[in-house]
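Undergrad: Going down the list, the sequences are from chains Z and H. Using the working numbering, read the first sequence as starting at 1 and increasing by one per residue. Using the working numbering, read the second sequence as starting at 1 and increasing by one per residue.
The hints are simulated quantities; they were obtained by calculation from the structure and are not laboratory data. All of these numbers come straight from a predicted model, not from anything done at the bench. Careful: at least some of the hints might be erroneous.
Capping the alpha-carbon separation at 27 Å, the derived lysine-lysine pairs in DSS-like fashion look like this [what the hints assert, rightly or not]:
# : chain 1 : residue 1 : chain 2 : residue 2
1 : Z       : Lys-567   : H       : Lys-375
2 : Z       : Lys-567   : Z       : Lys-361
3 : H       : Lys-635   : Z       : Lys-501
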Amino acid sequence: MNPDITLVMIVRDEEATLPRCLESVKGAVDEIVIVDTGSKDRTVETACRYTPGVYHYPWDGDFAAARNFALARANGGWILSLDADEELDPASGDLRALTGNKDGYEAYFLPLYNRAQGDGSPGQYHYVLRFFRNGCGYRFQGSIHEQVVVAYPEKTGVAAGPLIRHHTGGGRERNRKRGRNLKLLQRAAGELPAPFRQYYLGVEWLALGRPERALPCFEQALRQLTDAQLLFRLPALHHLLSCLTHLNRLDEAICLCLEECRRYPFYSDVLFAGGLLLETKGEYAAAVKWFQEALQCGRPPALFYHLEGTESFLSYFHLGHCYEQMGDHRQASGYYCRALAINPDYIYPLYNLFLLTLVEKGAVGTFECFQRAGYLSGLKQSALLADLFFEAGYPGLAAACLEAHGDSLSAPLRQHPARFHLYAGRPEQALLLFGRLAIAGGDPSSVTDEVVALILNRDFTAARSRALSLWRRPDGRSEALAQLVLISLLENGHSGLRPEKNREATVVRTVLTVVEYCLRALSTADGETARYRQLTERAVEWLTGLSPASCAALRCYLLDRAGAAGKLAMLKFGPAGGFWPCPAGRP
Amino acid sequence: MEPKISLCMIVKNEEQNIRRCLKSVAGAVDEIIVVDTGSTDATAEIAREYRARVHFFPWNDNFSDARNASLDLASGDWILFLDADEELAAGSGEALRRLAGGDAVDGYFVQIINYLGSEGYLEPCADLVFRLFRNHKDYRFRGSIHEQIVDVILEKNNRARYRAAEEIVILHYGYLDRQIAEKGKIDRNLTLLKRELAATPGNRLLRYHYGVELYRAKKYKEAAEQLLQAAQGIDPQTIYLPKLLRHIVLSCYAACEYAPALDIIRQGLELFPHYADLYYYGGMICFDRGEYGRAVEFFQQALATPGQPVYFASFYGVRGFRACYQLGRLAEMFLNEDEAMRYYVLSLRDNPSFLPALESIIRLLRPREEPAYAKKCLEQLCDFCSPGAALLLGRMFFQQQAYVPALEYLERGATEGNPDGEISLYRAVCLAQQRRFLEALRILDSFHPAQPLYPLARMNQLLCFWWQGKQRKAKDLAKELFALGLSPDTETVVTLLIGTPGKGKPEAAPGEGGMALLLDILARTLDLGENELASRLLEGLTTDCRRQNAVAVGRIYHRYGYLDAAEHYLEIDRHEHPDCAETLSLLAEIKEKRQEYLAAVELYQRALAVDPGKPQHYMRLIRLYEKMRQSIIQKAEQIFPGPDDAHKILQEAAEK
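Construct the entire structure; sequences and hints are all you get.
TA: Right, here's the structure in full:
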């Protein structure tokens, strides 16, 4: 058997995404066959850079024909089929291992990961038949969403990797493709069996952002598709649920979940979806029951459209959230911990757990608790916790989170670790870290940090020179002004600087940020804090005397601080039957 | 013909109680049968005074046998049975006669009011009990303890009908503290119950009684176990289920098993959503656990419940003054003094004898700082004509160091006899604190050595002289006191008082008792404004002693407005215990009073970081921010007195 792998693609006007795809398969495939169906851009030139096997196929509205044309020109024993807006993740699995399999498999479903619509939620996995033996009767069928026909199910395996990542294209490009697909689908009425056509129509409408038009398509598809067509039926179900949710017809969606979970009693995704809907409606006690049922299911069989985690960490997370809303913080914390134990990379539970633990055990208690639980051993989690501690007002603990990782500058942090040290009362250490940074292009806010570190260390000359070098950049002038004010405040005890009207807002904001950070330092640092106090007091005095607008900004800032304290109190004690003298946070 | 009513009783050594009982049934019953199981006191004689038929029955550890013996002797148509520590309430006799005349009913449940607590403060707890039934030779009691007849009658006559008759009221005094202690009833009952349960382990009602008895014996864990067992698989319609649930909760609570208790409360509320007791205990548990917000909700729900039928045996005040009082305490935790006052007043209105509410009201009125206002408010609130009430108020004012109004009320109430001299002592202290030393000394002189308060009176005389700077007289008194014989701690304190300042090393280091006295003297000294004397007193203590007691001293200075001294001592304590939230909070208050706002913010945040469990820390911080915002407006108005535009900006931002 020929063990070589050929990548087979059809493309049109994909110059932007093609390189990424082709780079990703380097070393994983032995041959690349690209069939162009009429690009007007530099797709063909790009393709030629990677492979001599570039062919032209005059477009006739039939995707399958185009792909089969490409297949015919492949020489490898195995075929990998990708689209230009996809890429392979070879680190997640080995294609060659699959070719050498002893089970007699001739075709494999590979996991396809669809990045969600940019809303931060986890993406979705489903399985697609993209890797198969060449010339054993595997061909593409269907003119629009061409499928490789599963000729011999017993010779078809499901592989856990490698992963194919699908990147949704830019809006206009996407809509153009979708529009084209819609037209093709409507034309192909006779060719595709009705339920499949309805399914694809629904997908296109959804992608165009028209759930109300997608809804009837999916409804019909769901009614007509059978369990023999699970690969279509289940996605149709999930899409239908998503339409109903978008259209705020939550009760119908819940009914649908009820029906479907009777049909598939161990399918965690439906149970999870039902729980989610109830949670959205605020019916937490009911939602809890659904999530607990979902936990009882294991992973569904491979052909089931499955969102990773619905049977484990995702349900634990939502259980935690429900209990939190019901006021049972103990249970909530327990569930968040379990979610984290199963999947430390899914960090949402960590946010909620952090707040709950903070109001229960205080800051130091939280740190110790998390340390013991092992949440500070992974870099990603430590970075998140460092950010959270800093935002909650505990810079020292933020710095401590990163200690185990050696103040790693490559951490996915929102702010520089030097800032943590600076406002933990350790300006010298902060300066050391700044030294390691490439100084030339610091963003204005980290320059401010550096200036503050310098003036707390009484090195006013160096501070001034940093500020002045930032001044020379037009995007940093306002911050530089603020820095000069701060320098003068600590050096001379006051500042006569009066920024121009158009700069005042930014200057005031910068100074207020430093005031806030210094307050955090004062409230938590163990060492010498006199200079922070001086700086804060003088800064507040300066702001009060600057202008009515800066007074207003100062008052707003204090109001925000009160609001934050109020929110924490609310989290800890709940509404307390109206005992808060004024609702926490309101002026 | 009028039906005949027989009262049947079993007694043993009840000479204290039986008279009250027999007096109360005069005219209401036609015959009295008293079965005595072995009295060694005058019980039988007293019974015969009321023309009871007394029969002796040798006690055989079986209540039913004894009671049945009394039934055997009864010749009436109806049987009423009471215990010696009960009495028939006035007016019930009439109802008794009327109901006995009826045809259709064979037995009545009547109301019983159990009094709990001690003489002087009784709390009623109502319940329903079966005490009146038609006399028949087959109707006999069953069970060696907590003997039952309700089921027996139904077994013998399946057409028997029962009814409740709440107009018949029995008053029961057997649960009063004194009574229970005297009799050792509990141990006897426990033994009997255990034995009976061993014989009939399936008897739920008996197990319930066993659990309740264990609770009374303070064996809370066991009580909870037994009660839970009794509740296993019980029919939700069982009439004593509410009482059972209540006792389970009480037992778990007393055994500090909070989570199980809350779970039972939750289940109980599903069955009985208006059962105020469950809400009340839920509130108490949450309060103890620091879940103040939930506690508030529970108590408010308790207040909102409609009344429950008598057989729920609801604890007195859980829908009223008790819940209100707890809400008052909680409101204070949230620094909401208006709500706190409102609830304390509600509590007092619901039960004018509930002293804790009154104490809290007085405390909140700040009588030391505003005596006139405090008096006016109180007089509007309640009537204090009687001398006893005036004394009570006087004492409460005294507790709050509000010596002027205290004196007034104490004098109003001093018409009563005063053998111990306690009131005189209070009066003397009040006078001294108003610098009316002569009058104070005159009262103190009137004490004679036989009185137990004599040493304290002499001590106060010493203090009067000390405050007046009359060292020689003070020293003389000190000699007298030493001669009387004081504890070593007290001696140390006295030596400190008469010692000469500046001479020699500070050596005094009194123990706990002595320190308590010293701190009391310190407080009174500062109340008089004698700052110098106070410092001198403290200087006589060793550094270690001062350090150990720094927070207490700081607190006193703070209370009397000496901010600098308070700060000094609190900083010492902070150095010792950097993680003491209370110290940090007090220091923050001082900074705030001095308008050092940023420093105050810093300290409140630190307090909050140490102890995130107290609502007041959050509240103080939020209020401080508001104060700071106000002060900015004030400053801005001075710096930018210009046209309205400037102020408009401030307004705009405020509306954001």
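Undergrad: Work down the list of hints and note, for each, if the structure agrees.
TA: Cross-check of the supplied hints:
Only pairs whose Cα atoms come within 27 Å are accepted, and Z:Lys-567 paired with H:Lys-375 is rejected, the gap being roughly 40 Å. The straight-line distance between the Cα atoms of Z:Lys-567 and Z:Lys-361 is roughly 16 Å, inside the 27 Å bound, and the hint therefore holds. A hinted pair counts as satisfied when its Cα atoms are at most 27 Å apart, and H:Lys-635 with Z:Lys-501 qualifies at roughly 22 Å.
Comparing the model with each earlier hint shows a violation of hint 1 alone; every other hint is respected.
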